[in-house]
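Input sequences plus hints: build the corresponding full structure.
From first to last, the protein sequence lines are chains A and R.
This note's numbering numbers the first residue of the first sequence as 1 and each following residue consecutively.
This note's numbering numbers the first residue of the second sequence as 1 and each following residue consecutively.
Worth flagging that the hints you see were computed from the coordinates, not collected in a lab.
Quick caveat, the model's predicted, so the values are computed rather than measured.
Treat each hint with caution, since some may be false.
No copy is singled out in the list; a pair is fine if it fits within one copy or between any two copies.
Claimed, not checked - Using 20 Å as the maximum straight-line C-alpha spacing, the simulated EDC-like pairs for lysine to aspartate or glutamate come out as follows:
#1 K32 <-> D69
#2 K92 <-> D343
#3 K376 <-> E28
#4 K107 <-> D129
#5 K248 <-> D363
Protein chains: 2
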Amino acid sequence: MSATISPLAPKKYPKMPEIDGVRMATAEAGIKYRGRTDVLVMAFDEGTQVAGVFTKSKCPSAPVDFCRDNLAGGKARLLVVNSGNANAFTGKKGRETTALTGKAGAKAAGCSAGEVFLASTGVIGEPLDAGRFSHLLEGMVKAARPGFWQEAASAIMTTDTYPKVATATVQIDGVDVTINGIAKGAGMIAPDMATMLSFIATDAPIAAPVLQALLSGGVGKTFNAITVDSDTSTSDTLLLFATGAAEKRGAPRIEAVKDPRLAAFKRGLGKVLKSLALQVVRDGEGARKQVEVTVTGAKSSRSARRIALSIANSPLVKTAVAGEDANWGRVVMAVGKAGEPADRDLLSIWFGDNRLAHQGERDASYSEEATSAYMKQDEIRIRADLGIGRGKATVWTCDLTKEYVAINGDYRS
Amino acid sequence: MSATISPLAPKKYPKMPEIDGVRMATAEAGIKYRGRTDVLVMAFDEGTQVAGVFTKSKCPSAPVDFCRDNLAGGKARLLVVNSGNANAFTGKKGRETTALTGKAGAKAAGCSAGEVFLASTGVIGEPLDAGRFSHLLEGMVKAARPGFWQEAASAIMTTDTYPKVATATVQIDGVDVTINGIAKGAGMIAPDMATMLSFIATDAPIAAPVLQALLSGGVGKTFNAITVDSDTSTSDTLLLFATGAAEKRGAPRIEAVKDPRLAAFKRGLGKVLKSLALQVVRDGEGARKQVEVTVTGAKSSRSARRIALSIANSPLVKTAVAGEDANWGRVVMAVGKAGEPADRDLLSIWFGDNRLAHQGERDASYSEEATSAYMKQDEIRIRADLGIGRGKATVWTCDLTKEYVAINGDYRS
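Below you can see the structure in the form of structure tokens.
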């Protein structure tokens, strides 16, 4: 938690509706932080289905391994999250901690350890003592209540400067269902103190395999399309829980991905995922500007995505945005280094609506004045059209400021 | 050229011997800079062989295209380099400029345009007017003289804070031959004002195909093993010229790559390439520390190299080094995100001789005090052993400081 709140923080928070079958509690266990909550439990009614997406890191944290194992069962009764310690790169001790926490959680929630999900965020390589908070779980499950979303989002923060919540209410076959989500993360990763975590719950009655397909499909253009610093966490965890409570109110149970009654839910889920993903970018360490990078006219969508990420991850592009400099030469460089098919002499580049380069050279007609004014805004759009195909992709990032270096260079000292 | 010289600048410069068959001159053409030289010509005696290696960017500069075309001939009589404008992303105008400069150079040196080589470095996207310096070439070729290496290195600087030269004298079949090189670059790229250029000359009588094989083989562990900010230039150019003048002193003409008499030359060339490459890293924008990253025990050398670059390019690792923080958790993260084969529980990590992590967890016996003292040095070695194979690789980078952001964020404004 930082003293200075990101200038891109939401101006106001949405009212988060309660979701039947979900209850939450937070506690101050003092794992690392003092004077703030650092443990969250989310308890789910019996029958809750679960889906998950995790880091692709080859060195995942112990809780990620634990969740992956349990996901096969498709059922969840309890989520336990702690901040302050990531329980990553902790070897055998790390596995003992997840096993102990799983056991304590199962006892508290009256379920099997296979229905417990865990996430930890904070410093890497420091053994996490389960004893610091496992004794709290029973009381927390008893005290858990609905409508506690904002507090839940606060308990999982690390270097975040604001809690991140999003909600959508959509219909399945004419019946209202709600999707609530929380997230944390202030770098795509800052493994000492951040990593991305997000937990979403809905009362929609959707079977686990369908939920998994929706979640896996939904991350491509949301959480997997954001980057703060190109560094991939050991702990990234995104879980989606469906209590099914809306069935009592007449919502049909959805068992097939192709079910046409899912259309609105899919859009609503996408909206919640995108809102949370953008909130993470907007709280990127040291960020003062949100940057949307769109690549069009590429050979394929896959190619467009790679080029867009090459632009979004380029330190030179990101520092130029920080300096309010529409430095399209650096965008050319980033297109060129992506290694994807490109024809220099067909390339065009826009900052906002200002076309700065056209067909391989500077656009003689662009207005330096209009462009300078545009660069002062806090949401910058960069577009590169390759002119060789129909592939397109959009990704989001933030600028690279001296504060990023200060946050990450001064962190342990 | 910056007012503040990098703290990692060489304490003293080597004496550069003259090389028979190479003469140089510099001039102030005022292309962008005032009060300093910005054009270099290097004239070569007839019979000079040439080899080259260029940027892999899909959006190369016009001079890179020009050199690639001429390289097929294998012969060189003149090199013309300007700083202040990269002649990159300048479309048809860019090609006209290289054609005009090539023609003026050929007239000045009394050779064909196919024996002229060009390089430009500086701002991207700004048309480069050949008329600004083409009229100077004739006089420069006439005035050119040997023993002008330091001045040559100064004329091609952009955001560099010091000129970069290196030399080696080795024997071919008992006869001394000399290898001299100059380089510029203060980012692997900073396309607005940097990009890497290097020119090397020798009096060894080596045929162009052999020269090319030696150069291509030599860059892998030198220029292709350095990274300042992971951004690849549109203009990277490395040329090696062999005048053959040592033949008069009895050196044999080398026509085959496998010739055993090349052994010492190969080592000498490698030494010059490595010295210049490290000087580029040590002048990395905002750099205060040189970082050597070695990966051992990887599945293959290729895999080791990818992991080493993942560590060396990670903003979180680089900011940690800037903060003198032996943050091995971030090294774990960078190993994990490389996508290469790795087993978390076999991983060990050293900073200098301090082993901080062993077999997948913190090394309980490491000394925080010794490590802190080590991190204050200006040359930091990071080693990661994966424990799964015999692949190894070393790359070099610099730290990521607030000055990097200042240099690149405040640049145009």
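Okay, the hints, checked on the actual structure:
no., hint, in the structure
1, K32 <-> D69, "neither (28 Å within a copy, 62 Å between copies)"
2, K92 <-> D343, "between (52 Å within a copy, 14 Å between copies)"
3, K376 <-> E28, "neither (41 Å within a copy, 37 Å between copies)"
4, K107 <-> D129, "within (18 Å within a copy, 78 Å between copies)"
5, K248 <-> D363, "neither (61 Å within a copy, 54 Å between copies)"
Hint violations for this structure: numbers 1, 3 and 5, all remaining hints satisfied.
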